[in-house]
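**Q** The lines below spell out each chain.
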Amino acid sequence: MTSGRAGGLALPARAGIGLRSAHFAEFAAGRPDVAFLEVHTENYFHDGGRERALLERLRADYPVSLHGVGLALGSVEPLDRAHVARVAAAVRRFEPAAVSEHACWGRADGVHFNDLLPLPFTDEAVLGLAARVGELQDALGRRILVENVSQYLRFRHSTLLEGEFLAAVVAESGCGVLLDVNNLYVNSVNVGFDPLATIDAIPVGAVGEIHLAGHQRRDIDGRPLLLDDHGSRVCEDVWALYGRALERFGPVATLIEWDTNLPPLDTLLAEARRADAALGGCHARAA
Amino acid sequence: MRALHEVQHAFGAWLLGRTDDAPEWAVGDGMAPEARLRVYRNNSRALFEQALQLTYPVLRRRVGADYFQQLGHHYRDAHPSRSGDLHEVGRDFPRFLAAHLGGTPYAWLAELSLLEWSVADAGVAAESPVAAAASLAGLAPEQVASALFTFVPSLRLVRGSVPVLSVWRANQPDADGRPVDLASGGECVLVHRGSDDVELRLVAPLEFAFVEATAHGATLDAALEASRLPLAALPALLHRLFADRVIAAVA
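Chains as they are written, first to last, in the numbering used here: chain P, -3 to 283; chain W, 133 to 383.
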């Protein structure tokens, strides 16, 4: 059934926000002005419930992006087939404009850590991740986007740069990239990755969505460590990096991602308007 | 050690606190690699605890944040997450608490946790059509005794040896948390998801036994016999079950 779905096959190149339960009442009462909504797939892939019913209604008015956090595609262990089946059912139900997951691992020896854990940038990790991305794409019958994750350490045996790793996964699996610009910045501070080199290594046309978020600074052993907590406004350095990403990739659907210390909805909408303004400038240059 | 499965195995052991050894595969970049791994260890623990807190807010309020955290640590050691769905993190907690607290004065907390798990699980159970009371009235008189009930998928049955529903209600966010006399008697609860939210219905023990028997496939007649529910009490119970929209079908 395709009737009643907002948007087309791709997300609009404007700003969206994450739909969070603290803002359900505002979305149930009206239709806040935002270009698309993103949800964590696992919060909406159960057989029933309040969340699912609300999203069923909202998808008539907003394009939806399903953002998975639980498949741990870079784990050596086989994919959780039951989890994949639930994601596939959610994709059939909500007909999202985008489906994404992460370039991470999260399971070992039968234990799931429910976190987005970093992969070494090696050929072995590229092939393993790309194989599981391919399996997921086959199960869903569509291309997915894979997001670069934040890192608090790097691996001694990595042989590729972050951007080379992502580009190789794209080439191997045919997936797209969900470029998290905050993660690029966090990684530049935490482990010294060059964010511009990462941007330059990703093929133009591969990026189907961008994430912007806030982070928190800690100091450990006298060195700064940025925690990717999605709990504050996007910082100026990340906005500047976002501008550089738009210069390379052109206007791309952009999500304001905010998961902890949730502010009033108006704060999220203000951040989305700022992203829209940057996208507007980008559209103007492209015209 | 550089193969991906070896790195993930060793990283996982770090996350579970099974080793504190400096990993040769992690680069410190100006700080101890162990300090960097501890960030991940703490994140992973915190995510597990947050998932438990979301599922068991009443238990946490009743026992206090510190003891709840301790219980969470023991639970994670015994039952680490096996799923990428955080809803599943709390599934085994009632069983764990029953074993962990069995024989202590706090054993009843396992019953309270089962009620909370039932509320959480009913909240995401499948949708279902419901039967109208007329579906029973439509049966021929000789068919009524052998009638079978199918309940909505969200129905959960919780039998407490203590007043679990009273404790649950006293510890809702808008309640004052006043102590409930645990010696005041057990409570039997039917949990299901209504049109908007999860609903909890207190029923008498014989009524509970009747519903339990029918939910396990007994005919109306057999359930009456097994539960010892007086025939005279049946119409009122059925009326409530239909009104609460917990019966999906009658055959």
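Honestly, I wouldn't trust all of these hints.
What the hints assert, rightly or not - Partner residues aside, some chain P positions facing chain W, computed with beta carbon under 10 Å:
#	residue
1	D43
2	A49
3	R53
4	N110
5	F151
6	G170
7	G188
8	D190
9	L192
10	I216
11	L221
12	A274
13	C278
14	H279
None of these hints come from the bench; they were simulated from the model.
Ideal Cβ positions, reconstructed from N, Cα and C, are used throughout, including at glycine.
**Q** Which of the numbered hints above does this structure break?
**A** 3, 6, 8, 9, 12, 13, 14
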